[in-house]
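2 protein chains.
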Amino acid sequence: MLNIDAIKKGIVIDHIKAGCGYKIFKELGLDKADYTVALIKNVHSKKLGKKDLIKIENEIDLDLTVLGLIDPNITINIIENEKIKEKIKLSLPKKVKGILKCKNPRCVTTIEKIEDVEFTLVDENTKEYKCEYCDAKTSLLTNAKC
Amino acid sequence: MLNIDAIKKGIVIDHIKAGCGYKIFKELGLDKADYTVALIKNVHSKKLGKKDLIKIENEIDLDLTVLGLIDPNITINIIENEKIKEKIKLSLPKKVKGILKCKNPRCVTTIEKIEDVEFTLVDENTKEYKCEYCDAKTSLLTNAKC
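Sequence lines, in order, name chains A and B.
Positions 240 to 385 (the numbering used here) are the ones given, in order, by the first sequence.
Positions 240 to 385 (the numbering used here) are the ones given, in order, by the second sequence.
Think of the hints as simulated: they come from the structure by calculation, not from any bench.
Watch out, some of these pointers could steer you wrong.
In silico BS3-like cross-links for lysine-lysine, where the CA-CA straight-line distance does not exceed 25 angstroms [stated by the list, open to error]: (1) B:Lys247 with A:Lys256; (2) B:Lys289 with A:Lys247; (3) B:Lys369 with A:Lys285; (4) A:Lys256 with B:Lys262; (5) B:Lys286 with A:Lys271; (6) A:Lys352 with A:Lys328; (7) A:Lys285 with B:Lys271; (8) A:Lys247 with A:Lys324; (9) B:Lys247 with A:Lys286; (10) A:Lys322 with A:Lys289; (11) A:Lys262 with B:Lys256.
In this text the structure is predicted, and so the values were computed from the model without any measurement.
Whenever a hint applies, use it, and build me the whole structure from the sequences.
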C-alpha cells in the first residue's frame, strides 16, 4: 500500500475546519506547487469531529492574515527533522486591507470601486469588521465562506 | 507528527502525471467529499520521477472514460482490508461523447453549438480524435490540459 510518511522538514497546517482545506490549498497556490504537498480532507479529530489538514514538504512564507481570516482556529506546525519545531496559533487579524469588501451598497467604496479598503475588527465572536469609510459592519462569515 | 495511514477500504488512484492530480480531484468532485480523501502532489516515483496520487476512503463509482482522457497512464487500485483487491489500468477510450469539442471553426457543431458530439480515437500515440460531423482531428493534448 502506498503510504504518506511524516514530513522531514516543512509545514503542517492542522485543525482546518472540515471543508475549508481545499480553499486554503488553492489560496496558498499549492495546486501549482512543484514540491511535495498533501491535502487530506475529513480526517477524524477528537477536537473537531472531522478536520482537514495540509502538509507541505518545503519552506514557504505563509500569509497568516489570509489564513486567520479563512479560519482562525487553524494550527500551524513548523517541522524540522520530523519534529515540531514551532507551533503557531492563528487569530483573527485586528486590521485587514485589500481583502474584505464593504457590503453597504451606499458606501463610497462600492460606488467608486475603491480598492485596498481597511477594515478593523470590532467583535471577535461575531467576526465583524468595520469599514474605514462608512463604519458599516461586515461579518467575515458572509465575506469569506469555505 | 501527523500521519496518513494506509486506507482500509477504498480506492487509490496512482501514477497520475505530476500536476494532473488537482484536476482529477476536482473532476471527481472530491473537493466536496464528506468522506476521507487525500490528494498528494509531487511524490517521488521510480517510474515517473514525480507523480501525484489520490486516496479515497470510500466506495465511489469512477468515470473511467473521463479519467482515461485526462491521463491514460493512471493506475487504479481497489483496496479492501488494506490490500489491493483489483488493479485497473486505464487506456484512451475508443469513443467519447459530450466531452470533447471540435476545434474546426467551420464545423457545424461549432456554428450551431451542437452538444454531445461523438469523437472516435484515430491515433493512440498522438491522442487524436475525429469529429463525427466534419472528420477534423482534434488532439486531446490541446483539449484537456492539466
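Hints, one by one, checked against the model:
no. : hint                   : verdict
1   : B:Lys247 with A:Lys256 : holds, 24 angstroms
2   : B:Lys289 with A:Lys247 : holds, 18 angstroms
3   : B:Lys369 with A:Lys285 : violated, 54 angstroms
4   : A:Lys256 with B:Lys262 : holds, 23 angstroms
5   : B:Lys286 with A:Lys271 : holds, 22 angstroms
6   : A:Lys352 with A:Lys328 : violated, 34 angstroms
7   : A:Lys285 with B:Lys271 : holds, 22 angstroms
8   : A:Lys247 with A:Lys324 : holds, 11 angstroms
9   : B:Lys247 with A:Lys286 : holds, 23 angstroms
10  : A:Lys322 with A:Lys289 : holds, 24 angstroms
11  : A:Lys262 with B:Lys256 : holds, 23 angstroms
The structure fails to meet hints 3 and 6 from the earlier list, while all remaining hints are met.
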